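Q: Residue-level listing of the chains:
There are 2 protein chains.
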Amino acid sequence: MSKIKVVTIGRRFCTGGSDIGKMVAQRLGVKCYDRELVEKAAELVGVPMSEIVKNEESMMNWLKTPISLFGQSELTLAEKIFAAEAEIILDICSRESCVIVGRCADYVLKNRVKTLSVFITASLEKRMQTAETRHGIEDHIEERLKKYDQKRSRFYTANTNKEWGSIDSYDMCLDSGKLGYAMCADIIAKTVEMSE
Amino acid sequence: MSKIKVVTIGRRFCTGGSDIGKMVAQRLGVKCYDRELVEKAAELVGVPMSEIVKNEESMMNWLKTPISLFGQSELTLAEKIFAAEAEIILDICSRESCVIVGRCADYVLKNRVKTLSVFITASLEKRMQTAETRHGIEDHIEERLKKYDQKRSRFYTANTNKEWGSIDSYDMCLDSGKLGYAMCADIIAKTVEMSE
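Protein chains in written order, with the working numbering: chain X, 707 to 902; chain C, 707 to 902.
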């Protein structure tokens, strides 16, 4: 396979996907883009972050029909935000190697840049522990995790027409609960290094 | 994570799982057990291979209720074969590091030996190409692939109570169609080498 330029990381909530993304970027000496992408999109669309966060994972599928980002006033805010995020991702990846967490980046970059698309999972038990110890979530943990997963799943499927969290949607899936965050980052970084 | 002793490889039909298993074993300097396990089981149970092949992937779940392999005459042949395969796997893995392809080895070895459980997938398109060029299958290719998958899925689910081919059932899932066989083998071997 040719040299991998960008690593995209999809993840279930509380599986350490963001941490692993940062660790991979550190090992490879590149930047990791996570929430920064949403901030940049907010700036581009010209709306406050609070509004973006509320709308960013709504259902839509703007990629099905090519659109011009600012040319069509009938676009919903959610569509504008996703379009802005996609434009930012494409712009960044045309200039540099990097790691991108979330944002359906695997789909946005498909057939454009050589990517390694990774999905991070972990058992519900492990994720509940992480939710409590790491994020301080105290009540309705299982319910919250499932709700958040559903939100991400809807967002991914609506934008990509692929199944979120299915082995058929990614190049590599890793269980961070069993392998550990550092090992996941090592595996991903080694894979990039071994590609040429 | 502690040092990985055994790599287990589950796989969809025509994804190169057996080839990748052999390559991993070669890189690690250990043996790869695949069909040999069935032959050993045939010998242990004392029936011809033709009979074994016919029965080996029937539905059963002997692991749910502990049984003594030869003490219960009411066991079906399929149950005896799976029990024999499991005994052989446990015996081999108590003595040596190795790679095991198929046979629900991930489940048989659970909590007994430190394993890296891998599942190999590939797109239906890639698998159809492999079926034709590698295995000389000429007609009803898609139908045959799906039927074989169903057989493996039933066998795995019946014996393990886990979902075959789901990211939640394995430590690592790789797409051999996108990554290539050699890269999959490199990733798996590196992961074992990096564990300690």
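Take these hints with a grain of salt, some might be off.
Since the list gives no way to pick out one identical chain from another, each pair is judged satisfied if it fits inside one copy or across any two copies.
With a straight-line Cα cutoff of 27 Å, these simulated BS3-like cross-link-like pairs (lysine-lysine) come out [claimed, not checked]:
{"no.": "1", "residue 1": "LYS896", "residue 2": "LYS857"}
{"no.": "2", "residue 1": "LYS709", "residue 2": "LYS868"}
{"no.": "3", "residue 1": "LYS884", "residue 2": "LYS816"}
{"no.": "4", "residue 1": "LYS853", "residue 2": "LYS737"}
Hints are computed from structural coordinates only; laboratory data are not their basis. Here the structure is a predicted model, which means the values were calculated and not measured.
Q: Hint by hint, note whether the structure agrees.
A: Taking the hints in turn, this is what the structure says about them:
{"no.": "1", "hint": "LYS896 to LYS857", "verdict": "neither (31 Å within a copy, 35 Å between copies)"}
{"no.": "2", "hint": "LYS709 to LYS868", "verdict": "within (25 Å within a copy, 35 Å between copies)"}
{"no.": "3", "hint": "LYS884 to LYS816", "verdict": "between (29 Å within a copy, 12 Å between copies)"}
{"no.": "4", "hint": "LYS853 to LYS737", "verdict": "neither (30 Å within a copy, 45 Å between copies)"}
Violated hints, in rising order: 1, 4; the structure is consistent with all others.
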